[in-house]
Amino acid sequence: MNALPWTIYLSFAGAVVVLLAGARSAGAARWLALLTALAGWGVTLAAAAGYVPAADLRSLVDVPWIPELGIRYHLAADGISLTLVVLTGLAATAGILFSWNVEERVGEFFALFLALIGGVYGVFLSADALLLFVFYEVAIVPKYFLIAKWGSTRREYGAMKLVLFSFTGSALVLAGLLWAYAAGGGQGFGFTELAAGVYTRSEQLGMFALVFLGFAVLAGLFPFHTWAPTGHVAAPTAASMLLAGVVMKLGAYGCLRVAMPLFPEGFFFWQPVIAWLAVAGIVYAGLVALVQEDFKFVIGYSSVSHMGFVLLGLAAANTRAVGGAVLQMFSHGVIAGLLFAVVGRMVYDRTHTRRLEDLRAMTLHRRLPLVAVIFVLAGMASMGMPGFSGFPAELSILIGAWQVSPLWALVAAVGVLVAAAFTLRAIQLAFFGDAGGMEGPAPPGPQVDDGRRGGRPSKDASDDAHLMPPISWPEKTGALLLIAATVLVGVKPDLLLDWIGPSLQSSLLQAVLKGGAP
Amino acid sequence: MNASYLELARALQPEAALIIGALIVLGFDLAALRRADLEARLRTAVAIGAIAVAVAFALACRTGAAGPVFGEVLMLDKLAVAARLGVLGLTLLTLGVATGAPAPRHPAEYVAIMLFAATGFTLMSAAQQLLLAFLALELASLSLYILAGFDKSRAESAEAALKYFLFGGMSAAFLLFGFSLIYGLTGSIDLPEISVALARQGLSPLLAIALVMVLGAFGFKAAAAPFHLWAPDAYQGAPIPSAALIASASKLAGFVLFTRLLWPGLGAVAGDVSGFAGPAGWLPVMALLSGASLLLGNLAALAQSNVRRLLAYSAIAHAGALLLGVMATGSAGPAPLFYYAATYGVATAGAFGVLAVLERGGVGPRIEDLAGLRQRSPLLTVCLLVFVLSLAGIPPLAGFFGKLFVFAAALKLGGLAGPAGWLTLLAILLSAVALYYYLILLKQALVAPAARAAGPIATPWTAALTLLAAAALIVVLGIFPSLLLGLL
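So the protein sequences, as listed, match chains A and B. Quick note: the first sequence uses this note's numbering, first residue 6, plus one each step. Quick note: the second sequence uses this note's numbering, first residue 35, plus one each step.
The following block holds chain A by itself, in its conformation from the complex (with noise of 0.2 Å):
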């Protein structure tokens, strides 16, 4: 446990390392990479395994770092914290093999990445909100440059777009948070310190709305979603990833754990509003996803529908939902990294073309049956199906809403069906084009004969596979530890709510969480 903040240490290093590096060798820089995100995912591992659980956050570094304005440099860990980085381990981990094959400015980009890994890691260690600020901050920047610079359709625009969101929720952010500082007497900026302020009801409506709002624009909340399927789309696999993956969470996160505890009175006020907001979310970005032509953009706005589903959790604030939305977190991440290194990684960079039509012609379970049948797993997934990850979480979340607001549940219910709607479409547009069913003709003949042969490739597909490159082993281990945690997660959600659910009773949770069993 005490060796967590190293996680941030090594990513930081390990991306001035692989910088220097990147400069003379392509593969050294690769390999480090790597190196640092395994380093970096078993120190938090083995931070797991020794872990107790406990309702509050354990401290793990507190040192004076601007006496002046009382901002300490306080790291500290609990089950939500330890959730979260052994999630942002594993999506490193994952999203370096998944970009193995990135050849322009190998060591630029794996610097970048591990610099966004590191201020990640950091937020979600971070006990006092200034530093957990600067580190929320400290990731924005390498998201532009990864964006701009190796991303795809429009990634300039999707780039500038993600980053103005982000940093525009920042810095609403931080006029909430130096708001709440001022008013409290500018104690410090630790979450004790700055939850002990006494604010009127006012100042807490208002210091509630700017700091929430701020997070939850990085936590895909709708109306102001719009970044997420741009910056995703544009984004290259590795990026696309991190985003949906873990850095949608550290808004989310936000919201849990500088939000709504420390001004439990402003989100009891627009807790309505953010629940609709949330619902809202998964039903919109749900039907926008069914009708999407772009393969990358159906599961751009999945991701979106997923975190209305972290974020209508959290507006029902009790144990139940929030800690299904703490599962649900980790879920998502694991199921949207899968989603999207098989959309960039395994599909596009084989087939060039992200267009379901086009991939429609291509009946891809033959050429790429692997890569079938790992994105029908990650679908069943994402869809939420017994036996993975995303269905206990989702189940909690909706049965804590309901205990709340039937309404709520039932419009979120709504959500899901939609959800498998959009992905059963998604699965079959992408790579049983010749099934036939709901769209269109089925393509010509000779494959409707071939894929009665059980789907085994026919001499057709055979003469254009040699275009597309075997799977490679990153990719196959890339996937292999996906499915693994969310199989494992789902079989076994205990092995996450352990953690999770003694932490939702710290002193500082339970202001604003009532009721229901974690």
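I should point out that these hints are in silico values taken from the structure, not numbers from a laboratory. Warning: the hint list may mix true and false statements.
[Stated by the list, open to error] Derived coverage of chain B by chain A (criterion: at least 3 residues anywhere in the stretch with Cβ under 8 Å from a Cβ of chain A; other residues may be distant):
#1 376-385
#2 419-432
#3 439-445
#4 512-519
These numbers come from a predicted model, not from an experiment. Beta carbons are placed, not taken as given, at the ideal position from N, Cα and C, and that holds for glycine.
Place chain B on chain A using the hints.
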């Protein structure tokens, strides 16, 4: 008045070192280097100048906070010491920048005038009497006018100098008029006595006129809207080291001078910006200047295609935030303002330093000309990245903490209940706008490919060293802001 010339001489050791240094620069060049080529003469002049500044720096450290000097004409408090060290450090940085820029036609004169300007800055940092304040300001300003127009062969340089001079001369006249009114009202030119007299009198119409005059001159010095019109042309046309000096050391000295004038001197008629119904005074007027600068600077910067004009508009925007720091000085002390002004100076002078090396390498002043800088000079790219991100206020660089300290201090004035709070909110939100144009700049340098088969850009080692030191300073002061805050 317990005047002691010995005491005065001791307090003015740094200024003496600068003047002697300037004379040596001139004399050595005249005696020994008339036949040498320009580059060698520039290097020698800068070397001697740098030694003089370093000696002045050491002397300013040694003199320390000696309190009032020479019958309170000078006030060597902590702020004065910190500001002296700050302006000397920034002058040293500008000298380094000068070695990266194309050599001016009369290098020794150029360096000597920079040292004279620095003398003005250090005096501005400590002046506590209207007459000395005005003289110090004029010494600095006259030197800067010459520096702005030093490149006689370029029309832009002449235009920059003329605009700067006309605006500056006008503002000096207003300032002097304001000072004369203050003297007429209070019967004194010493700030402590003025403050006592004003506390008795309160605000009168005549004093209001004097305040407007003083604020106008301050607005000019700070490049705050609506007194900013000279800045884009001066930043664009002046030789780059001159522009760097105008944007960094001159600004720091100006803010310290006027903060001392306004708070200890005219603090009795400050008024109130913590609520909307507070008493009148100069603070509400300054709030207007600040808001106008923030809006105009950030929005106009969006439309710029020339890097130096972009930096000029960003300077106007930063002036708005710095004015917020001046407003907060009354309650929070000068530390946030000083930290902001000093680190802003380093970042902006550093950015000009990068531009100077680029100009020498034949890279044009437009934003697109930066394309491919990453391949052409990794060193300059890294430095530019640090400076620009610091200007944009991205942690953990110093620019972020400058904003943080100023905004925290301003919000402590009364939360969001008054103009100070609303201005802070405006400044925080506009920082997202600012990030846009800074990223446009960085995108060209880091992402866009080089236009043609453009070769690497050579950086003189002195300039490289200066830029690296400045970038390191930005990082170190960002991670350990207390190093600088602790001075105050």
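**OP:** Would you check chain A against the segment 419-432 of chain B, counting CB to CB pairs closer than 8 Å, and say if three or more residues qualify?
**Re:** holds (count 4)
Subject >> Within 8 Å of chain A's CB atoms, at least three CB atoms from the segment 512-519 of chain B: coverage verdict >> reply: holds (count 3)
Original post:
Quick check: the segment 439-445 of chain B, covered by chain A? Criterion 3+ residues, Cβ under 8 Å.
Top reply: As far as the segment 439-445 of chain B goes, the hint holds, because 4 residues have Cβ atoms under 8 Å from chain A.
Subject >> Coverage assertion for the segment 376-385 of chain B with respect to chain A, Cβ distance below 8 Å, three residues required >> reply: violated (count 0)
Violation of the numbered hints given earlier is confined to hint 1; every other hint is satisfied by the structure.
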